[in-house]
Every structure is written in structure tokens, then in C-alpha cells.
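Counting from 146, one number per residue, gives the positions in the sequence shown under the working numbering.
Just so you know, these hints were derived from the structure itself, not from any lab.
Honestly, I wouldn't trust all of these hints.
What the hints assert, rightly or not - Under the rule of at most 27 Å between Cα atoms (straight-line distance), these lysine-lysine pairs were calculated in the DSSO-like manner:
id	residue 1	residue 2
1	186	206
2	301	279
3	280	270
Unchecked claim - Here are the simulated distance ranges between beta carbons:
id	residue 1	residue 2	range
4	294	377	32 to 42 Å
5	261	458	21 to 31 Å
6	428	513	27 to 37 Å
7	443	295	24 to 34 Å
8	302	426	44 to 54 Å
9	610	579	21 to 31 Å
10	500	547	16 to 26 Å
11	603	380	17 to 27 Å
12	207	500	49 to 59 Å
All C-beta atoms in this analysis are idealised placements derived from N, C-alpha and C, irrespective of residue type, glycine included.
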Amino acid sequence: MRQHRLRLAMLGLLLLTACQQPDAGPPAEHADLASADFLIKNARIYTSNEQQPWAQALAVKDGRFAYVGDEAGLSRFTATEHYDLQGQLLIPGLIDGHAHPGYVSVEDFGEVTGDTPEALLASVKHYADTHPDKKWLRLCCWPTAMFVQGAEGPRKEQLDAVVPDRLVWFESETAHDFWLNSAALAELGIDAGTPDPKPGLAMYTRDTSGEPTGWVKEGAGVQHFAEHFALATAERQAAHKEQVAETLQVLSRHGITALYDAGNKGFGDRVYQVISELEEEGRLPLRYYGTYQIFTPARAKTAVAELLRYRETYGGERLRFTSVKIFMDGISANQSAAYSEPYLGSQSSTQPMLSVNELRDLLLELHAAKLDLMVHSIGDLATRTVLDAVAAAQASVDGELYPKVTVAHLALIDPADLPRLQQLGVVANFSPWWFGVTPHDVVADLLGPDRYNRMYPARSVFDSGATVTFSSDEWWGGDMLPTYISPYLG
Numbered sequence: 146m147r148q149h150r151l152r153l154a155m156l157g158l159l160l161l162t163a164c165q166q167p168d169a170g171p172p173a174e175h176a177d178l179a180s181a182d183f184l185i186k187n188a189r190i191y192t193s194n195e196q197q198p199w200a201q202a203l204a205v206k207d208g209r210f211a212y213v214g215d216e217a218g219l220s221r222f223t224a225t226e227h228y229d230l231q232g233q234l235l236i237p238g239l240i241d242g243h244a245h246p247g248y249v250s251v252e253d254f255g256e257v258t259g260d261t262p263e264a265l266l267a268s269v270k271h272y273a274d275t276h277p278d279k280k281w282l283r284l285c286c287w288p289t290a291m292f293v294q295g296a297e298g299p300r301k302e303q304l305d306a307v308v309p310d311r312l313v314w315f316e317s318e319t320a321h322d323f324w325l326n327s328a329a330l331a332e333l334g335i336d337a338g339t340p341d342p343k344p345g346l347a348m349y350t351r352d353t354s355g356e357p358t359g360w361v362k363e364g365a366g367v368q369h370f371a372e373h374f375a376l377a378t379a380e381r382q383a384a385h386k387e388q389v390a391e392t393l394q395v396l397s398r399h400g401i402t403a404l405y406d407a408g409n410k411g412f413g414d415r416v417y418q419v420i421s422e423l424e425e426e427g428r429l430p431l432r433y434y435g436t437y438q439i440f441t442p443a444r445a446k447t448a449v450a451e452l453l454r455y456r457e458t459y460g461g462e463r464l465r466f467t468s469v470k471i472f473m474d475g476i477s478a479n480q481s482a483a484y485s486e487p488y489l490g491s492q493s494s495t496q497p498m499l500s501v502n503e504l505r506d507l508l509l510e511l512h513a514a515k516l517d518l519m520v521h522s523i524g525d526l527a528t529r530t531v532l533d534a535v536a537a538a539q540a541s542v543d544g545e546l547y548p549k550v551t552v553a554h555l556a557l558i559d560p561a562d563l564p565r566l567q568q569l570g571v572v573a574n575f576s577p578w579w580f581g582v583t584p585h586d587v588v589a590d591l592l593g594p595d596r597y598n599r600m601y602p603a604r605s606v607f608d609s610g611a612t613v614t615f616s617s618d619e620w621w622g623g624d625m626l627p628t629y630i631s632p633y634l635g
């Protein structure tokens, strides 16, 4: 087995789980034996090594595995600490397959609250009155259920009534849609003639005359972040760096040894500069895999080149860039998720970010560059499009298609597509805390009971034989760990 750096924090957690204290080491007369820091025996050790997937014992020296194998092999070592795990499971570490830790503190929101629309808008006005020097009033978080009824959502006139002459950017609780007042729309140059990056998905909701209503969905809003909400001051940049460093230490202490950062809403350069600096300073405690996010069709055209630029500019031993991330659809609550059947009360369905042929071409570009792909996919149409594109790309190459494709969320999948995950080698990724933690009546009303009751079919995906991974899909850090980003929740 290749030598892997051992994460001592993870071993400490696992040893605590075993409820064992170290027993006495071997007698001093065994001076001819190789020395180790500690030995572990009577364990079920999963190695992640295809040639030796399981072992019963290991020895650790200077933070590295000196031996992994059966218990007989421990006879070659001496150590002052011995641990008997009594048959319990030990793994080299936990990998969070979908996270956003670099984004912590980038969201410099003003927090407003209210149990009714009137109370929430009063809170918006209070925040504006008490922060007279802010050019942008960037606020969070308006409740979807409070303002979304079918295809209708929040309107600019409601914000104009309380803040008519300041720029208001109000993010929803889902982080997938945004509420702007008239002044903000004008500042961004958004009017009836502004094209939607992807109609139905990354879009500006409009009234019957074509004028934007102020409800902005998905990438249509995200595309403005890095330009208008950059961390402009040295103080903010330093605070961001230290909060990211603290978050990564918390994750490491809880046994996370590697993670995939699934993107930072256009702040990639800022985030990866921070991660690169932490690695140079010896403060990056885990392996960190970065990405380039595709949240508008235009970004698909530059994705490979940009990811390779990230690698050249920021890549290191622990910070690596091996995968692109694409939003093939949005979320159900704002009707940007792509389903094969229309939302209730609607005559049309949202289409995925890319067509089968467009995604096939992206996969072939990734194949040439030897890069992987992660996909955000909520609706069954989005997932079927991904599977069709993978099949088309596989048929277009000699030998094996390089990109390992991971589909995140899989909120609804057609039963006919379940076996295709395993057949095509597509990995399914779930964030278990999504599973019924917050009942969402808006989604139930939009999908109807049949589709709603079939959402997040993790058991069916397991039974299909597909490879399944778990993740947090969060960025908030230590205070959220027990409820949201705990890898043990599933």
C-alpha cells in the first residue's frame, strides 16, 4: 500500500469511539524491533487500496503508516501505545465530496428578520436607515414560502416602498434566487431588453410587458457577484482568510482529510488565492480540490481553460484542480429545476443548462484535458440529459472516457434511468441533511404528491448498484457542523 499521510485527528476520533485506553507497550528487551508511535490491532480497517482493501492492524511512525496488514505483522514493531479497537471500523479519513468552505465570510450580508412580509420589509428599512454609508444593501434571507406562490415571486415595488433610492440586493434562504429593487436593477443595467443567460433557469423574471420584476434566479444573479461584491478592503480580505483557515481546522478536527470545493459563485480567484496562501504557510490541514463553476451557458465555453489557469496559478501539493462543476438546473422552489413534466399550473418545463450535444462536447473537451465533472442536478430531465450526454461522449472516444462524472442531489430520477448510473459509471452524490430536514410546502405544491413523495431516492440508487458518495454542500463552519455539515448525519 502506498504511504499516505495520517490524519491524527481522525485516528483520535476513531480511537475515542473504541472506548479504549492505551495498554502497556512491549518490554524493553525488544530493542531490535522497529519503533512506532502507536499500534492498532483487532480492527476492521478500510484502506481504499484495491489490492488490499481490508486489514486488521497498523503501525504509525512520525505521522505516517509504517505498516498496514494482519496482526501477525505487528510483531516486527515496538511502541509505547497499543490500541485494541475490538473489531470496530477504522478508515484513513473522511472525504466531503461536495462542500463550499472557501466561501465562508465572502457573503457579507446584513441580516434582516420578520415573521410576515410587512415585518421583514420593516427590518429592511431599519437596516438601510442604520447603515447610511453602504452603497449596496446586501441582505439575507427572505423566506421562499413567504413570497413565492407558483410562478409569482417577490417584486421590486415592495422593496422600492421602503428603500426607493438605495441599491438593495436581497438573497433568499435557498441562495438560489435574489430580490432586487428598481435602483439595483438600473445599476446593473437590467431592463426589458436584457437577455436572460438561460431562459427559464438563469433568468430575470418579467411581467407581461417584459419588464424585470426584481426576482432574479440562479446564474443571472450569481454572474454579478465577483464584480459588485468583491472583498474590497484589506481588513475584509484578512478576515475572510482567517475564517476560512478556522473552518478548515474544524473540519480537520472532525476527521475530514479531503474535500471537493464545488465552487464559489465567481469568487474563485479570491478563494483559491487564500487556500494557496494557507498551504504555503503550512496551515492547510487537508487535501483541497478546487473547481470552476458553470452557472451560465457562456461559462461552459471557458471552463477548461479557466480551471487549468487556476491549476497553474494556485495549485500545490494539497490544493489541486481536477474537476469542473456545472449547474444543469436550479431548484424546485423557484421553478428553475428541470423536470420532464411541467410544474403544476404551468404549461412548460424548464430546460437544462446545456443540451445533450452541448454537454457531450464539454465532456469531450474534459476528456482531452484529463479533467472530471461534477453536476448539480435536481430534476429528472436534468439527470437524464447528463446520462444521455455521458453515453454519447463514451461512444465518441476510443477506449474509456476520462471524465469521472458525479451527479449531485438527484432530487428526482426517472426509475428507468436508475440502472444507467451504474452502467455508465456515473457517481451519485447526496447531502443527507437535505432529506426531509425542512419540509417545503412550496415544492410540494409545485410538484404534486406523486413526484414530491419520490424525491431523494437514495435507497433506490444504492440498490441499483451505483457508486454513492455523501457530502455537506455547506460553507458556514464549526457552529453548523452538528446539524448541517456533519458527515455522520447520513
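Against the structure, the hints come out as follows:
1. The straight-line distance between the Cα atoms of residue 186 and residue 206 is roughly 15 Å, inside the 27 Å bound, and the hint therefore holds.
2. Between the alpha carbons of residue 301 and residue 279 the distance comes to roughly 19 Å, so the proposed pair stays at or under 27 Å and holds.
3. Proposed proximity of residue 280 and residue 270 is supported: the alpha carbons are some 15 Å apart, at most 27 Å.
4. Look at residue 294 against residue 377: about 37 Å separates their beta carbons, and that is inside 32 to 42 Å.
5. At roughly 48 Å, the beta carbons of residue 261 and residue 458 sit outside the given window of 21 to 31 Å.
6. Roughly 35 Å separates the CB atoms of residue 428 and residue 513, a value that falls within the hinted 27 to 37 Å.
7. Distance hint check: the CB atoms of residue 443 and residue 295 are about 29 Å apart, consistent with the given range 24 to 34 Å.
8. Checking the proposed 44 to 54 Å range against residue 302 and residue 426 shows it holds: the Cβ atoms sit about 50 Å from each other.
9. Here the CB-CB span from residue 610 to residue 579 is close to 23 Å, well matched to the stated 21 to 31 Å.
10. Remark: the range hint 16 to 26 Å for residue 500 to residue 547 is upheld by a beta-carbon distance near 21 Å.
11. At about 43 Å, the beta-carbon gap between residue 603 and residue 380 misses the expected band of 17 to 27 Å.
12. Hint check: residue 207 to residue 500, Cβ distance near 53 Å, so the stated range 49 to 59 Å holds.
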